[in-house]
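Keeping their order, the protein sequence lines are chains G and P. Using the numbering used here, you'd call the opening residue of the first sequence number 1 and step up by one each time. Using the numbering used here, you'd call the opening residue of the second sequence number 1001 and step up by one each time.
Since the hints were derived computationally from the structure, they do not count as laboratory data. Backbone N, C-alpha and C fix where the C-beta goes; we use that ideal spot for every residue, glycine too. A couple of the hints might just be wrong.
[As the list claims (entries may be wrong)] So these bits of chain P aren't anywhere near chain G, every CB distance computed over 12 Å:
1) Phe1035
2) Lys1202
3) Asp1491
[Unchecked claim] Partner residues aside, some chain P positions facing chain G, computed with beta carbon under 7 Å:
4) Val1466
5) Ala1473
6) Val1477
7) Gln1521
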Amino acid sequence: MSFPLLTATALTPAIGAIVTAAVPAARRTAAKWLALLFSLATAGFAAAVLLRFDTGDGADRFQLTESRSWIEDFGVRYELGVDGIGVAMIALTAVLIPFLIGAGWNDADPKEGQTPATRWRPTQGFFALILAVEAMVILSFAATDVFLFYIFFEAMLIPMYFLIGGFGDRAGEQGEEGQARQRSYAAVKFLLYNLAGGLIMLAAVIGLYIATADQLDAGTFSLQAILDARASGDLELATGTERWLFLGFFIAFAIKAPLWPVHTWLPNAMGESTAPVAVLITAVVDKVGTFAMLRFCLGLFPEASEWATPVVITLALVSIIYGALLALGQRDMKRLIAYASVSHFGFIVLGIFAMTSQGQGGATLYMINHGIATAALMLVAGFLISRRGSRLIADYGGVQKTAPMLAGTFLIGGLATLSLPGTGPFVSEFLVLVGTFSRYEVAGIIACSGIVLAALYVLVLYQRTMTGPLKEGLEKLPDLKVRELAVVGPLIGLLLFLGVYPKPLTDIVNPAVEHTLSDVEQTDPQPHVPEVEATRE
Amino acid sequence: MNPGELQAPDIEWAALSPSLIVFGAAIIGVLIEAFAPRRSRYPAEVFVGIAGLAGAFAAVVALAAGGHATTEAQVAGMGSLAVDGPALFLQGLIVLVGLVSVFLFAERRLEPALHGQAVDSFAAQPAAVPGGKAEAAAERAGHTTTEIFPLLLFAIGGMLLFPMANDLLVLFIALEVLSLPLYLLCALARRKRLLSQEAALKYFLLGAFASAFLLFGIAMLYGYAGTVSYAGIADVVSGEPAAVDAGLASTMGNDALLLIGGAMVTMGLLFKVGAVPFHMWTPDVYQGAPTPVTGFMAAATKVAAFGALLRLLYVVLPGLRWDWEPVLWGVAIASMVAGAVVAITQTDVKRLLAYSSIAHAGFILSGVVAVSEDGVSSVLFYLSAYSFVTLGAFAVVTLVRDGDGEATHLSKWAGLGRRSPLLAAVFALFLLAFAGIPLTSGFAGKFAVFRAAADAGAMGLVIVGVLASAIAAFFYVRVIVLMFFSEPKADGPSVVIPSPLTMSVVGLAAAVTVVLGIAPQFFLDLASDAGVFVR
Chain G
1 MSFPLLTATA
11 LTPAIGAIVT
21 AAVPAARRTA
31 AKWLALLFSL
41 ATAGFAAAVL
51 LRFDTGDGAD
61 RFQLTESRSW
71 IEDFGVRYEL
81 GVDGIGVAMI
91 ALTAVLIPFL
101 IGAGWNDADP
111 KEGQTPATRW
121 RPTQGFFALI
131 LAVEAMVILS
141 FAATDVFLFY
151 IFFEAMLIPM
161 YFLIGGFGDR
171 AGEQGEEGQA
181 RQRSYAAVKF
191 LLYNLAGGLI
201 MLAAVIGLYI
211 ATADQLDAGT
221 FSLQAILDAR
231 ASGDLELATG
241 TERWLFLGFF
251 IAFAIKAPLW
261 PVHTWLPNAM
271 GESTAPVAVL
281 ITAVVDKVGT
291 FAMLRFCLGL
301 FPEASEWATP
311 VVITLALVSI
321 IYGALLALGQ
331 RDMKRLIAYA
341 SVSHFGFIVL
351 GIFAMTSQGQ
361 GGATLYMINH
371 GIATAALMLV
381 AGFLISRRGS
391 RLIADYGGVQ
401 KTAPMLAGTF
411 LIGGLATLSL
421 PGTGPFVSEF
431 LVLVGTFSRY
441 EVAGIIACSG
451 IVLAALYVLV
461 LYQRTMTGPL
471 KEGLEKLPDL
481 KVRELAVVGP
491 LIGLLLFLGV
501 YPKPLTDIVN
511 PAVEHTLSDV
521 EQTDPQPHVP
531 EVEATRE
Chain P
1001 MNPGELQAPD
1011 IEWAALSPSL
1021 IVFGAAIIGV
1031 LIEAFAPRRS
1041 RYPAEVFVGI
1051 AGLAGAFAAV
1061 VALAAGGHAT
1071 TEAQVAGMGS
1081 LAVDGPALFL
1091 QGLIVLVGLV
1101 SVFLFAERRL
1111 EPALHGQAVD
1121 SFAAQPAAVP
1131 GGKAEAAAER
1141 AGHTTTEIFP
1151 LLLFAIGGML
1161 LFPMANDLLV
1171 LFIALEVLSL
1181 PLYLLCALAR
1191 RKRLLSQEAA
1201 LKYFLLGAFA
1211 SAFLLFGIAM
1221 LYGYAGTVSY
1231 AGIADVVSGE
1241 PAAVDAGLAS
1251 TMGNDALLLI
1261 GGAMVTMGLL
1271 FKVGAVPFHM
1281 WTPDVYQGAP
1291 TPVTGFMAAA
1301 TKVAAFGALL
1311 RLLYVVLPGL
1321 RWDWEPVLWG
1331 VAIASMVAGA
1341 VVAITQTDVK
1351 RLLAYSSIAH
1361 AGFILSGVVA
1371 VSEDGVSSVL
1381 FYLSAYSFVT
1391 LGAFAVVTLV
1401 RDGDGEATHL
1411 SKWAGLGRRS
1421 PLLAAVFALF
1431 LLAFAGIPLT
1441 SGFAGKFAVF
1451 RAAADAGAMG
1461 LVIVGVLASA
1471 IAAFFYVRVI
1481 VLMFFSEPKA
1491 DGPSVVIPSP
1501 LTMSVVGLAA
1511 AVTVVLGIAP
1521 QFFLDLASDA
1531 GVFVR
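Use the sequences and the hints to build the structure in full.
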């Protein structure tokens, strides 16, 4: 058997988490460097995955596969494998984490004047938890066994929960105690929403097992086995069963993604946590939800997916508009970005359920670009917040006069968020809209209004905080430090690169999208020439 | 057979050796109490307890290795005891839980030393009036209640018989043998004596009530079948009585007797399991009993009682499946929902764990309702996962203390994660396992029972189960929030550094929780090999 590259990619941060956690309390800095080192090593493995991945025509759908028996009694195997979408998502994760660690370098230091207790090691814990989340996210992107996926999908909630509840940005309105309360409220809300979704999914996972056990020789969770069995006609889910199972899976992913109306945990979680953790939530962890819609909802339950499409598209549209409108109304910068993310997740889900190659390809690109763009915007916002100690937009004004670099990077991050042509998100948003329009014209048109609203909330945010007369107390606001620049610079470079030349990414993603589409569109061959399609319907 | 003539019973000593060894050790323990000098009692009792239980465990392993769990499964003791897969599996589990409990019972570093002598969690002179002169004198004299060890061993012995019972009378006797020492043990707390005595009294009264139900049910089933043996009753239920007793000709085969009798016996067992609506005793008893006893009781009683319940339902009453299944559905749903919902409002750790145990009884029942081999083995697996998590959790509770002994009020646990991160992390692990988070034993167990239930067509039960799990997650998480995200209070409790005894219990429980979560295959195999009842 060849070198288990995917396992190595996931195991590196897992080991890193353990090592980092074990660093003695006084050696905080060592823990930070160790965490960075392990995240870079993970990125190295991810790069190897990217290189080893064959995008040629006759290439297998799932590559770099690994398969070991794990819990035979449950029919669970340790099966890993990636298609183009998985590769892209693993790459996104592995690239972002080092930047998040760099951005959060000082976020978990003990407060000034507080001597850390000998055994309480928040800094070590912070970085260890980030690495733990990374390991679980990578495994859930790579898992081709439904049960294995489920395990990591659920288990990642726990480190995430501690990251949200344990580490705040010390910039709330209600003082130390009130903020701690807010934070643990956000953490609990996050956990309960996602846990409830996950448990509903558990029932569906069991249902899927029973269904396969009924019709095949033995129950299985293997995605490949189920796809094969369906293709060969051995497995035929009853319409009702399929719909129930679809719902079980979809609800879990919609909460994770998050889609209106189950999005309410996101603004709390992102608002209360530190900027890197907020990015981790929206750019990495939530992507597991949309990714899983593509891989599991569409792959396992094609007919039910088609059946649910009208409802899902409606929810996506509501998310786009509602998220954007609420973003406009926010007083708190981080909550604003959170609602903007709700709007963007609407676009992603719209693209996925448009069931066209452009829509799904665009949605996959969108996941990547949104991850990077939000990271850039949120991290700069985090730097700004840490300087002033407030998240309120009203506390800022004229920042570009004292901190031009900060304002400049904030602007570019913001412009990427509103999908300005020339930045990565533009390509993906355009593809999603075209893909949607070719099949659902009205939906496409409504979704376009999301772009206008995005321009509004981003530019208004920029105008209020960065331009105008300098607000009192900001005269000595320092500009970006080297560390901060080193974090934001490459992200912005990546955004511009992907905006101008997205081909490397599309080359990887497109074959996988074709596969996914062929899973779903067995009855309705969809021409890939949208111009023709647009005139017909 | 001539009535005057006594036939010597034919006993398979080897097959019954686990329980015999434990009873033997218990009797030696009593003799030590009677004859050994006070000073040497403690080491002697601990030694006898550990040696006896280790011996019993070896006997269980030897029997299982000899195939008694599968091919050589047999009915022993003239038909009154079954030696088969489920019995041996549960016996092994009970003995292990008992062994670990001995460690908790023997812990003497938690309480501050009294008059220069290390003391345990049990009252110096239980019979004395709480706070009275006799108690103070006993404490001054340095008396300790070493009777706890033989009592524990007798309870374990009864528990070993309980899942083996293949005869209603043995079932009843085993129930009493396991219950009476437990009633006593509940009353022995060193601190909060009144609460402890109240707990014992409540447990005793309600337990006696349940025993009466059971006994009445047995009488009715005898009236119905003319026999108390499981196989005999099952034959009558399926319409093939071996012989009709002339004296009972008028009642035999009367379905009313069967239904009422079966319901009453089941009720008696559900009481021990702590399922709704027979759960009333659980919170008070769990709270009042000395915590080591609570841990033992919560883990081992549940194991033994589920074993007995499984055998009763699967061996005696499978013919009535269509009658009891819907009832148990109801009980399972009520337990899951009521346990989870009521637990939310609890402010005491021990009461919280009590309500959580009620919810777990519901989860386990959903595996029982499956009525399949998978159902049995999933229940066996769940019980092993659950019992160790429970023991670990209660062991942690014994360590968090302030001036008044254990600080069980939840508000006192605030910020524990800051003071003792490791202990809080381990407790969080146990809570996550209770909540059924993947990669812990609780998840594997939950998945096993839910899958068995879904396989048997009880998808509704599974859906209620996952919803109840979501509710339950709320209060487990609340404790974690309290420990990690709240600032510690200035007058908060401290974590006592225990002796290696308690530490090994906590460590073992944590290890089992992780191993059963990550690599459960071996234990699942063990449980599925043990899934068949002998008749």
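Comparing the hints with the structure gives:
Distance check on phenylalanine 1035 (chain P): its Cβ is at least 47 Å (rounded) from any Cβ of chain G, clearing the 12 Å threshold; non-interface status holds. Against chain G, the non-interface label of lysine 1202 (chain P) holds: every CB pair exceeds 12 Å, the least being about 34 Å. Annotated as non-interface, aspartate 1491 (chain P) keeps its C-beta farther than 12 Å from every C-beta of chain G; the closest such distance is 17 Å. Taking 7 Å as the C-beta cut-off, the interface hint given for valine 1466 (chain P) holds, the closest approach to chain G being about 4 Å.
A distance limit of 7 Å between C-beta atoms decides the matter here; for alanine 1473 (chain P) the minimum to chain G is near 5 Å, and the interface restraint holds. Among the interface hints, the one on valine 1477 (chain P) holds; its C-beta lies about 6 Å from the nearest C-beta in chain G, closer than the 7 Å criterion. Satisfaction of the interface hint for glutamine 1521 (chain P) is found here, the shortest Cβ-Cβ separation to chain G being roughly 5 Å, below the 7 Å cut-off.
Going down the numbered hints, you'll see the structure goes against none, and every one checks out.
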